[in-house]
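Asker: Here is how the chains run, residue by residue.
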Amino acid sequence: MVFLGGCDLNTKMSTFDTKGPIAETQLDLFMLTVWVTTFIFIVVGGVFVVAIVKFRERPNDDRPMPSQGHGNPLVEIGLIGASVLLLVIIAVPTLQAIWYTHDTPTDEHSKLGNWYPGDDLAEGSEDEVLVIRVIGYQWWWEFEYPQLGISTANEMVIPAGKAVHLELRSVDVIHSFWLPRIAGKVDLIPGRANAMWIQAGDNIEAWTEKNGAKGSELELQAAYNKYLEEEIHDYYYGQCAEYCGDSHARMLFRATVVGDDDFAAWVDSERVGHTAPDGMAWDEWYKIYDSKPESLTGDLNEGAKVFMGRGKCIACHSVEGNPRALGVAGPNLTNVGERLSIAAGWLNHHTEEDVLIEEEQYANFVKWIKETDVVKPGNLMWKANGNGIGELTDPDNPEQLKLLTDEEIHYLARYLQSLK
Amino acid sequence: MSTVTETPAPSTHTEDKHVLKPERSNLGLMRPDHNKSVLIDWLTTVDHKKIGIMYGAIALFFLLVGGVEALIIRTQLAFPENDLISAQRYNQLFTMHGTTMIFLAIMPLNAAFFNFLVPLQIGARDVAFPRINSFSLWAFVAGALVINFGWVLQAVEVMGLFSASGPTAGMNDFVPSMGWFGYAPITGIEFTGAGTDFWIMGLQILGVASLSAAMNFVVTIINMRAPGMKMMRLPVFTWMTLVVSLLIVFAFPAITIALAQLMFDRTFGTSFFVTAGGGQPILWQHLFWIFGHPEVYILVLPAMGIVSEVLPTFSKKPLFGYAIVVFSGAVIGFLGFAVWSHHMFTTGLGKVATAAFSLLTMAIAVPTGVKIFNWVGTLWGGRVRFAPPMIFALGFVWMFMMGGFSGIMHASAPADAQQQDSYFVIAHFHYVAIGGIFLAVVSGIYFWLPKIVGKMWKGKLSIWVAIFSTVGLNITFFPMHFLGLLGMPRRTHTYLEGFGWETYNLVCTIGSYILAFGIFLLVVDIIRCVRSGEPAGNDPWDARTLEWETTSPPQVYNFGRTPVIAARDALWEHKHGPENRRITYEEDDGHGIHMPSQSWMPMIASLGFVPLGLGLSLMQAGIPYMGYVAIFGLFMIALGVALWAIEGPGGYHLHPEEEK
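Top line first, the protein sequences correspond to chains A and B. The numbers in the first sequence follow the working numbering, run straight up by one, and end at 1046. The numbers in the second sequence follow the working numbering, run straight up by one, and end at 1879.
None of these hints come from the bench; they were simulated from the model. Don't be surprised by glycine CBs; every beta carbon is placed ideally from N, CA and C. Any given hint could be a false lead.
Simulated restraints, written as ranges between beta carbons of each label pair [stated by the list, open to error]: (1) 1549/B to 687/A: 33 to 39 Å; (2) 1729/B to 691/A: 41 to 47 Å; (3) 1476/B to 819/A: 25 to 31 Å; (4) 1690/B to 687/A: 26 to 32 Å; (5) 941/A to 1476/B: 41 to 47 Å; (6) 687/A to 1750/B: 32 to 38 Å; (7) 684/A to 1241/B: 53 to 59 Å; (8) 1605/B to 836/A: 49 to 55 Å.
Chain A extracted, bound-state conformation:
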């Protein structure tokens, strides 16, 4: 097993590289079970090996027949007692952890009113922690922030060091929310209101205690902020963990953990959404679009026309700010140009340092629009459009819409890239 020992355990979805109290509790418990079972393994396995070696038959063995004893009650009761004892060592912290990981804490640091810089919270939510409604679809994720009135898809943004309450819902089959470095999984089951809480990074008390940090309140706060920025602010990888049909393997998601101010800024930009191309107001743009669309020129205008028109994108997708893009069957595309991945985390366009690469983003948009069924077999965008939007269509299938030309897809990709 030497070759395994050399492998890196700090990978993108490693449960060893914990970045939050829940994953840490779960890892501690796991390691406890590892030590206890390793101890049993060494003792029992050792006796087993000794027995095999010591009592093996030798050539020309003329020792007398082994004693035909049927057992020893004292030895057996002793062993049962010992195993019960070893299990209690695991059982007590297990119970503590079950209680700890189940109920969302409502500590002062996590209450929205105490950290969210904006003044536009839904009424009564100052004393609540941030709530995100996670909704599973075949095969993507919707993340709704009911207290903030926004909704995004596949890439959630959460504040560092704060408890976040997740309401887990599914509209079709069972999915499971798994963000390994932050928390173990909980299932999204249709007809059932599941919930969990997650937290990226410790809060300041836990951090102070753990590190034995000393100093004035200000110094501590500064050191704590530094810890959050250096160790916790990051781009985390998650994936659906319950088999949910054809493209289960391609139902990934991301969580971007940011500081309070960045979080508020992100919420603002989600709320404002996007203007029409060239900074035009939507009313004005639609007026032209409805009367003489040919006068809207340039890549982005062409793309926007496909998005509103022949692409039928708005039937399923919404974009904040755009009064006609109100579809709800597909992911919300507000700020989709900012996301580092599309197609539920399958098509990525960023560097190792999580910097967006525009050419790859463009190529991914084109690939996704043209080959939705290749990227994600069985998905709704493919099925609902009579098997495809792009031109790589099946000539024998008259029901298939030959919707978009390569040129139109090029414009559409450029337009989507501009949504940021």
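Model the placement of chain B on the given structure of chain A, informed by the hints.
Answerer: Here is chain B on its own, set in the frame of chain A:
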């Protein structure tokens, strides 16, 4: 039913039975007794030994099928973003791999051992209900056909001879693709096609087969023991058969109900599991696992029974703590019904239920640990001989321990939240299933095949089987612990590069081919033994239990005269024990041995399940006239059962003493 313990009714059919030619049944038809055609003889047999051999042969076939499915899965996963097979095909393969291995390979392999060994171990002539035994076998075959029928359709479609359009448009996927535990609502009509229907009907039929076999064995073990074979003198394997049979009787009704509800949801539009109609998908998980967890013990307890026979034989010592091994087997069986929700720790059970199932799951580790302690205790102070069965039994103890340890890790619910539905779980249950059950079954094959075919193993190929299968198993499944902990979810047909999973996956795939080669060598070794082994003699291993007292292979009537048992480990005591513990034999009463007549009817009745199952499945998919096929199947079952009842028990007498 005609059995040894019943006095045959004084009718015309029981006179002069030593004239061995077939007779007419009450229907006026010839009974297929003493048939010259080997085929007819095997198809109509009611002999538990032949039935056992058929279970074993069919199970080995499905073991290879499931193995090939696994190899395709592993090949697909060897590299990131591999596109050897499509997502849909991959999903079909892992579903059928699980279903095949559990229901069509391990369970019938266990049934093969039950059938062949239990009557011999308890000194009986046959099981209590020989014709029900035949019915169980053919019902199992019918279920296997129905479950796998989708592959036939899929093959026909791939060859371009058939496509799902027009009246067959409802059959958008033919092979089950919802995982072997078929969680609702993905089994619903809007998410999966005809494959799910084949799966439902196939499992339902297999349930009939398992239930009828289980009841047969409960009755056999309780009622058919030879004089002096008290319960606490039963060989441990027979004890485990009894526990497993009771588990089947109590566990299968849960899945029978669940499958019936699911079938109603799909075929008749009910809403047991459909949220929109007020149903609850989570209900399926409870019903399934209340069956599914005992099922785990249904698979593993016979393996423990095999090992509990092999270890004492090759240590020349009685099993350490016989009573406590038997008792812990029963406790495992009982507690097995109280831990089902540990499969559901991530479904949001709530704190108290999670805690309760967590603690109960830890509790079940105690009787399991007791067994391991007692096996080690059996070796201690013995004389350990590394014969082929022993090598695999020792391997079992070692590998099963590994699987048990990861089981304890799952028992801790918060830790399980990271492990559930990841490759860690795959590693866990394959250590139990291959490292545990499979190695024990191979040990059992090496131990009992000389008894079954009367020939001894040739050469030392068994060593290579052991090396390749254990090395392969560890290379395949040990890295999966790490894969799971590094975040790879199970049931994913491919994965992206850059998550640290590439090396592990490639290693796993290489390991799976090594393991497959080990299994290939096993098949070669079995064929060599059966074709050209030297005669084995009655007792080639200096064994301990009653089956080694009779000839190899045993005569159709098992024992010429009923043995009278005076001790546990009857044969060992007979050979090495004091005078008062020897086996004696009942006096010959001059009537000979009453043998049951062979019959076509059990097979006709159970093969009626094929048109019934296929008809109902295809009817659901919208194929015309399939309802009539289903009705025809029902009629065939009813006819088989009715004729079976009317033809009468029959039977004839053999006089083994005279033949000598």
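Asker: What hints, given by number in increasing order, does this structure fail?
Answerer: Hints that this structure does not satisfy do not exist here, as all of them hold.
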